[in-house]
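A.B. asks: Chains A and B supply the protein sequences, listed in that same order.
Take 0 as the starting number for the first sequence in numbering that gives the first Met the number 0 and just add one per residue.
Take 0 as the starting number for the second sequence in numbering that gives the first Met the number 0 and just add one per residue.
Hints listed in this document are in silico derivations from the structure and should not be mistaken for laboratory results.
Where is the CB? At the ideal position from N, CA and C, for every residue including glycine.
Certain hints may be false.
Just some of the chain B residues that point at chain A, by a computed CB distance under 7 Å [said to hold, decoys possible]:
#1 W189
#2 I190
#3 Y270
#4 C334
#5 I335
So the chains spell out like this:
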Amino acid sequence: MKLRIATIGLIFGLCISAIMARAVYLQVFYGTKLSQRAAQQYEKSFISRGMRGTVYDRKFRTMAVSIDVPSIAAYPRQIEKTGQIAKALARELQVDRKALYQKLKSKKSFVWVMRKVSPKQTLRVKNLKFKGVGFIPERRRFYPNKTLAGQILGFSGIDGRGLEGLEFYYNSYLEGSRGTFKTVRDALGREFGGENGAHARYTGGNLILTIDQTIQYITESALAESVKKYSAKSGIAIVMAPETGGVLAMAHYPFFNPNSFKEFNKMTWRNRAITDPFEPGSTLKMFTVAGALETGEITPNSIFFCENGAYRIGRNTVHDTHPYGWLTLQDIVKYSSNIGAVKVSQSLGPERLYNNLKAFGFGKRTGIDFPGETPGRLSHFKRWSKIDAGAIAFGQGISVSAIQLITAVSAIANEGQLMAPFVVQGITNSQGRIVKSFHPRKVRQVVTKKNAMHLKKMMQMVVEPGGTGVKAAVGSFSVGGKTGTAQKVGKNGTYAKGKYIASFVGFAPIEKPKIAVLFVVDEPKKKHYGGTVAAPAFRKITQETLNYLNIAPENKTDTLTARLENGAAG
Amino acid sequence: MPRSSTTEIKEKKISTQHRQPVYDVHLLFPVLFLVGIGIVMVYSASSAVALKRFGTDYFFLKKQGLFALLGIVVLVICCHVPYRIYGFLTYPLLILALLSLLAIQATGFGYSAGGSTRWLRFGAFTFQPSEFVRIAVIIYLAYSLNKKMGHLRSYSVGVLPHMIVFGTFSGLMILQPDFGSVVIFGALTWIMLFAGGVRFLHLFSSFVLAVPIAYFLMFNAAYRIRRIMAFVNPWQFPSDEGYQMIHSFMAFGTGGIWGSGIGKGYQKLFYLPEPHTDFIFSVIGEELGFLGVLSILVLYCLILWRGFNIAINVQDIFGSLVAIGLTTALGLQVCINVGVTLGLLPTKGLALPFLSYGGSSLLSNMASMGILMNIGASGRKKPK
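The shape of chain A in the complex, shown without the other chains:
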């Protein structure tokens, strides 16, 4: 019997050996082929775009990001109780029941019920467990700061393409690349999982802006406050780092929220600081004066006769707000004398004035990395009439964009070096590695370092007692600036009565300016002088931004005197 038992054991041993041999054959030798065949069944690959990249401010705070959101679709052929489903879906998604019913009744194999649905609604519809209603993952662009920097960021459409602002300009970098994605499905055809790692490969690049979210906020608050206070039509403000040309903040009021851009007037989508030209008015005098200094024939102390308030050129008469007799060049700036500016321009001559304004970048696009930039309007000096040469000198008959103006003023602040403005300082790939970086670019030396110094001093005098911009003085910092009050050109081509553009442009601290700020209010009511409407907002933005940037206030006696003087002026 023992022998027989051993025989049985042996037979089992043989059986199990055969089994092991078979396992070796299937798993080791034939394994690759089998696993490929299996993969053909459970893997499904499709071509799609990777996720759109993220937009960060200069401190890597998220300004625009793409997130996955489901869309609800229906397969009408699979739907049985059309009426019931239409009713329930209409209730949950708050859409028109009849329109939905028609969609579901159609003979198409696929219809969208609602694209990009909120997580809450998705869950509710999922819980209904309707046959023939499916969820398709899609992506949505999300702007966490809502209206903040809306016009800079722009937005992207439902298909994920950038349509406005940086989203449009940098679309090719932000957009995810096309690639083959794999999903895995079970035998019931339900997809799950997939390789998430592979998705990163197709994710678009990330933008790193020069914009600082906090400065943007400071700027936008001051802008909204001013525009509301003076019941103005709109307003523009820009904060720039003069040393680099990097834009720290750029805003246009009224704002819009890119998350729901369709609900806003199309006019608010545009970044008017870049796209819309306007007549700058007196702020332009700075550049006339700069040109005069560059000739070497005129110094800050050269004197000009200001005709006691009225100066006739051909059939036109130029007026000053207050009548002045003889004024030095720096007083012309300080009191913002139009007649003085005309006189300076006359000593310069049209050609030199034109070339000088060209050198500051007027009449030509700055080349900022933003769509829809206007070159402004500066006609050739040969086409200037007699009055044109005079008017352009104090900012009429020329139109500029806000970005041109701030860039030109920054050149004065930056020792006469004109820097090219830019908004994006770098692009990183999905792994965070820098793939492209934009460095500050010097366009040209517009004025000499010495003349830039003179101009800064003159602009400092503007905010000193007696100057037009005294309300721009910042307690703890020395600032320089220039007011601007321009009558708007009406529809018939003549200047419209009571419609002004009030502006202030300046920088701080005087010694080595860290920021240049332009503040423009379009059609303020009640008051319209740049020194009254725009200068206080400039002051607010400058003060808060310098504090935020941790720039040490200048010595306390200065602070004290500035305060006392402020008090005296008020």
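Chain B: place on chain A using the hints.
C.D. replies: Coordinates of chain B only, in the frame set by chain A:
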């Protein structure tokens, strides 16, 4: 008297052995290890199916865990019940087994699943009699062969009565239909007769006799023909009869040497039918790879080795035959189930001992191991 003193020492040794626990670690460890792997793999294989059918992925895991605990209790009990008692209970057990199979057909308790009626259902509790019938038949064969020892060379004594019992039970099982169990019972009867000492000629003739019956049964049901065809070349029938085979192959192939990792298999996701019962070994092949397959086969080999060792060492013929029967039954289940998943045998609905989901199978196999341990312990108790 030096001689008697040595025997005394031997007896002392034996008596100290006697005081030691009856749990045979050589059997217990592989069994517990397999049951543990079984719980993990049942969860891995069944979670997707459970989630779809019952809304909770733990459905089968919970039940299998409960049965495992119950199984250990059954093993402990069987381990302590002197196996000779089964000898006295042979006929009552056999009749009970017969009645339970009849009950499936004749009473309202019969319960069908997957096209065959193999279960008895009492409320929420279902029970597969064939798992217990197997033990009853093993006891009957051991008892009968032991009693007829010395007369087995006669066909009418050695072969015929056992063939009649086998025929009766297989007839009832074909009605279910449960062709897999019939094959196991046939092989089991045949091997036990062989072990008991029945003549080769008689065994061979009974085998020859069985061939036309088997042939008739095979080709009388259309689905069995297709199954055989699909077994020969599964790739020819990728969407129907060969489907299971192909997906089982894919599971093994995808697993390769190292496996895709527990829980990471794809074939269990509704590609493989019954991934947690009949095809759990395929899921193991995919998730644990060839190394897992090898380890599990080694564990079964340890059990078989120990089982046959017990059968050889036990002096009592009845005990030896029961041990042979129980070990053989286990080995047959393993070989047939694994053979099916690897495409060595045509598809049959059989559970893999200790690993497949199923309470009846787990309990009966645990009971078998308990009985085997008891036989093994008694063998050491009374030498000669």
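A.B. asks: Hints first: check each against the structure and report whether it holds.
C.D. replies: Here is how each hint holds up against the structure:
no.: 1; hint: W189; result: violated (11 Å)
no.: 2; hint: I190; result: holds (6 Å)
no.: 3; hint: Y270; result: holds (4 Å)
no.: 4; hint: C334; result: holds (5 Å)
no.: 5; hint: I335; result: violated (9 Å)
Hint check: violations occur at hints 1, 5; the rest are consistent with the structure.
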